[in-house]
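**Student:** Here are the chains, one letter per residue:
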Amino acid sequence: MRSDRGPSAPIGLKLAATGGLLFLHLPILLIFVYAFTTEEKSFVWPPPGLTTQWFAVTWNRPDVWQALSLSVRVAAISTAIALVLGTLCAAAVSRTKFFGRETISLLVILPIALPGIITGIALRSAFALAEIPFSFWTIVLGHATFCVVVVYNNAVARFRRTSGSMIEASMDLGADGFQTFRHVVLPNIATALLAGGMLAFALSFDEVIVTTFTAGQQQTVPIWMLEELIRPRQRPVTNVVAMVVVLVTLLPILVAYYLTRDGDQIAGSGK
Amino acid sequence: MSLDAAMPRATAPAILPGSGGLRGALSDLFWRRPQFLLLLMLLPPVLWLGIVYIGSLFALLLQSFFSIDEFSGLINRQFTLKTYGDLLQAANLDIILRTVTMAALVTLAAAVIAFPIAYYAARYARGRWKALFYLGVMLPLWSSYLVKIYAWKLILAKEGILTWLLAKLHLLWLLDAWLSLPVVGGNSLSVSSTGTFIVFVYVWLPFMILPVQAALERVPGNLVEASSDLGASPGQTFRNVLFPLALPGIVAGSIFTFSLTLGDYIIPQIIGTSRLFIGQAVYSQQGTAGNIPLAAAFTVVPIVIMGFYLWGAKRMGAFDAL
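One line per chain: the protein sequences are A and B, in this order.
Going by numbering that gives the first Met the number 0, the first sequence opens with residue 0, and the numbers climb by one from there.
Going by numbering that gives the first Met the number 0, the second sequence opens with residue 0, and the numbers climb by one from there.
Think of the hints as simulated: they come from the structure by calculation, not from any bench.
We put the CB at the ideal spot given by N, CA and C, even for glycine.
Among the hints, erroneous ones may be present.
Where chain A lies over chain B, by a calculated footprint (3+ residues, C-beta under 8 Å) [said to hold, decoys possible]:
hint: 1; segment: 113 to 120
hint: 2; segment: 257 to 264
hint: 3; segment: 288 to 297
No farther apart than 27 Å at their CA atoms in a straight line, the calculated lysine-lysine pairs in the DSSO-like style are these [to be verified]:
hint: 4; chain 1: A; residue 1: Lys40; chain 2: B; residue 2: Lys152
hint: 5; chain 1: A; residue 1: Lys40; chain 2: B; residue 2: Lys129
hint: 6; chain 1: B; residue 1: Lys167; chain 2: B; residue 2: Lys157
hint: 7; chain 1: B; residue 1: Lys147; chain 2: A; residue 2: Lys13
hint: 8; chain 1: B; residue 1: Lys147; chain 2: A; residue 2: Lys40
hint: 9; chain 1: B; residue 1: Lys157; chain 2: A; residue 2: Lys13
hint: 10; chain 1: B; residue 1: Lys152; chain 2: B; residue 2: Lys167
hint: 11; chain 1: A; residue 1: Lys96; chain 2: B; residue 2: Lys313
hint: 12; chain 1: A; residue 1: Lys40; chain 2: B; residue 2: Lys167
One side of the interface only, derived from the structure: several residues of chain B facing chain A at Cβ under 7 Å [to be verified]:
hint: 13; residue: Pro44
hint: 14; residue: Val51
hint: 15; residue: Tyr123
hint: 16; residue: Ser143
hint: 17; residue: Leu145
hint: 18; residue: Tyr149
hint: 19; residue: Ala156
hint: 20; residue: Glu158
hint: 21; residue: Ser232
hint: 22; residue: Thr236
hint: 23; residue: Phe237
hint: 24; residue: Phe242
hint: 25; residue: Pro243
hint: 26; residue: Met315
Construct the complete structure from the given sequences, taking the supplied hints into account.
**Tutor:** Okay, here's the thing in structure tokens:
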């Protein structure tokens with residue numbers, strides 16, 4: 000028997016673990032089947048027939064495109080803001096020990112640790128108090144706030160593994176601070192930032208709870224879906240959009256995983 | 000720093016020429032005064048989070064001490080405890096109790112389902128299987144929240160796959176019997192409290208698996224071996240060795256499942272009865288009713304409950320398992 004192979008698991012444990020994983024995955028796979036169903040009015044199973052016509056129908060829906068465009072713009076700008084703020088914060092916290100360091104980490108994590116509804120209603124009441132009208136930027140404000148933490152987590156983990164002596168060596172060889180950042184620090188943290196950015200994008204693209212409080216009348220993709228869930232108007236289009244959303248959020252997660260898998264902390268474990 | 004002070008730039012033979020100008024001056028300043036660089040790095044994120052987030056939380060707290068004028072529907076910006084008095088009406092206490100009960104049940108069920116997965120992943124999965132288990136938890140965790148709820152709407156619908164499956168197994172009578180029960184039953188699973196419960200457990204399950212797995216991975220394998228060498232049965236080993244060591248992980252996971260259930264308003268709205276949860280009450284108060292003070296006071300409830308919960312969890316050492 001090879002020494003790296005541990006004892007095999009009891010059968011009951013195997014069954015329970017497999018059952019648990021199936022419970023996690025089967026519902027999502029079901030979405031893919033429903034995207035092809037010919038049934039329009041109900042959620043009947045098994046599907047009476049399979050068709051690809053709903054993809055064309057969805058393609059020609061301007062409201063879906065508008066929601067998608069808004070979601071992508073919000074996610075892109077929130078990710079950009081989160082990348083800057085998260086990296087700065089991670090660099091500061093991992094480089095030096097200073098008074099209030101723990102408080103800063105707590106401050107970064109808080110927006111995601113408290114339930115989304117608290118962040119949402121807090122922003123909503125702040126907008127009400129300050130009499131700020133809802134706009135594209137009110138959505139971005141909320142999203143960037145809770146996206147900082149994913150970039151921060153990834154960057155902190157990478158900074159911890161990057162040796163400080165490389166920075167000193169660069170300085171000793173005559174590079175100034177900006178050159179050191181450009182040629183030494185940035186290449187070292189680039190993949191972690193990319194992974195963090197991907198996760199932040201996925202998080203923002205999928206966010207609904209905070210967004211309902213900060214969007215006013217605007218529709219992002221999740222808000223469009225929420226409306227359809229509460230008052231179904233066109234189920235087949237919803238099925239197709241649901242499938243596309245699964246694919247759009249899955250790819251960044253897989254990429255982020257492969258970018259950071261050999262590290263001590265893998266991206267995504269701290270949603 | 001001492002090196003720099005001993006050999007000023009002008010006399011030291013540099014390998015690259017200094018870049019000079021404003022850029023060089025700034026670079027030198029950062030090197031001589033690291034505190035200045037630190038301040039510059041910290042300022043943007045702290046300002047953003049401090050103003051946008053902490054500021055908003057204070058605005059929320061402030062609003063909860065305002066009251067609404069019942070006739071004009073306008074917010075009266077004067078300090079009062081009237082809104083908190085409104086919060087203590089029987090109907091609102093009902094909502095709070097219902098939400099807390101649901102959160103406790105969901106946490107319990109998530110722990111029971113999560114444990115075998117976490118245990119297998121931590122103890123037996125190796126190499127590729129380990130990666131597979133990891134992605135197997137991570138992908139559902141990051142999949143779209145609404146799509147997951149939508150999937151369950153498809154599953155639990157009267158004409159959906161679950162009814163079909165039970166019909167094939169000749170178990171429809173069981174479903175009907177369950178649905179005819181008070182409180183947990185309803186017209187179909189998608190409009191019953193049972194449905195709400197299932198979806199809550201499903202959506203928050205990965206949040207329980209990860210910390211439990213992390214806690215179990217820290218249990219040294221030889222503790223389990225020592226326990227069985229000393230004559231303990233697998234059951235005894237589990238009760239007296241593994242479970243106590245995994246408990247901080249379970250408590251850490253329960254922070255997420257409990258807090259997320261307390262604050263959610265979308266799941267009970269889409270799959271469930273018309274009986275409200277805290278989140279729904281907050282949402283309808285701020286939206287249709289326009290009563291932001293009462294909505295704000297309602298949000299203080301989960302914050303206070305989570306405050307106590309976190310305090311208890313900290314005492315049990317749950318934060319080391321995060």
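**Student:** Compare the structure with each hint and give your call.
**Tutor:** Comparing the hints with the structure gives:
By the rule of at least three residues with a Cβ nearer than 8 Å to a Cβ of chain A, the coverage given for the segment 113 to 120 of chain B holds, with 6 such residues. For the segment 257 to 264 of chain B, the assignment as covered by chain A holds, since 6 residues bring a beta-carbon within under 8 Å of that chain's beta-carbons and 3 suffice. Coverage of the segment 288 to 297 of chain B by chain A holds [criterion: at least 3 residues with CB-CB distance below 8 Å; count 3]. Between Lys40 (chain A) and Lys152 (chain B), the direct Cα distance comes to roughly 14 Å. Compliance with the 27 Å bound is thereby established for this hinted pair.
For the given pair, Lys40 (chain A) sits about 42 Å from Lys129 (chain B) by alpha-carbon distance, which is inconsistent with the 27 Å threshold. Between Lys167 (chain B) and Lys157 (chain B) the alpha-carbon distance is near 15 Å, which keeps this suggested pair within the 27 Å criterion. Restraint check for Lys147 (chain B) and Lys13 (chain A): the C-alpha separation of about 25 Å stays at or below 27 Å, so the hint holds. Of the supplied pair hints, the one linking Lys147 (chain B) and Lys40 (chain A) holds, its CA atoms being roughly 20 Å apart against a limit of 27 Å.
Restraint check for Lys157 (chain B) and Lys13 (chain A): the C-alpha separation of about 32 Å exceeds 27 Å, so the hint is violated. In summary, the hint linking Lys152 (chain B) to Lys167 (chain B) is supported, as the alpha carbons are separated by about 20 Å, within the 27 Å threshold. Between Lys96 (chain A) and Lys313 (chain B) the alpha-carbon distance is near 24 Å, which keeps this suggested pair within the 27 Å criterion. Pair hint Lys40 (chain A) plus Lys167 (chain B) holds up; C-alpha atoms about 23 Å apart against a cutoff of 27 Å.
Annotation: interface hint on Pro44 (chain B) holds; nearest CB of chain A at approximately 4 Å, less than 7 Å. Restraint check, Val51 (chain B) versus chain A: the minimum CB separation of about 5 Å is within 7 Å; hint holds. Because the beta carbon of Tyr123 (chain B) sits about 4 Å from the nearest beta carbon in chain A, less than 7 Å, this interface hint is met. Proximity of Ser143 (chain B) to chain A holds as hinted, the smallest CB-CB distance being about 5 Å (cut-off 7 Å).
Evaluation of the Leu145 (chain B) hint against chain A yields a held restraint, the C-beta minimum of about 5 Å falling below 7 Å. With its C-beta approaching chain A no nearer than about 5 Å, Tyr149 (chain B) sits inside the 7 Å limit, and its interface hint holds. Of the supplied interface hints, the one on Ala156 (chain B) holds, with its beta-carbon coming within about 4 Å of a beta-carbon of chain A, less than 7 Å. The beta carbon of Glu158 (chain B) is positioned within 7 Å of a beta carbon in chain A (closest approach about 4 Å), and the interface hint is therefore held.
With a least beta-carbon distance of about 13 Å to chain A, the hint placing Ser232 (chain B) at the interface is violated under the 7 Å criterion. A cut of 7 Å between beta carbons decides the hint on Thr236 (chain B): the least distance to chain A is about 12 Å, and the hint is violated. Checking Phe237 (chain B) against chain A by beta carbon gives a least distance of about 11 Å; that is not within 7 Å, so the hint is violated. Taken as an interface hint, Phe242 (chain B) does not check out: its beta carbon lies about 14 Å from the nearest beta carbon of chain A, beyond 7 Å.
Look at Pro243 (chain B): its Cβ only gets to about 19 Å from chain A, farther than 7 Å, so that hint breaks. The restraint placing Met315 (chain B) at the interface with chain A is violated, with a minimum CB-CB distance near 18 Å, outside the 7 Å limit.
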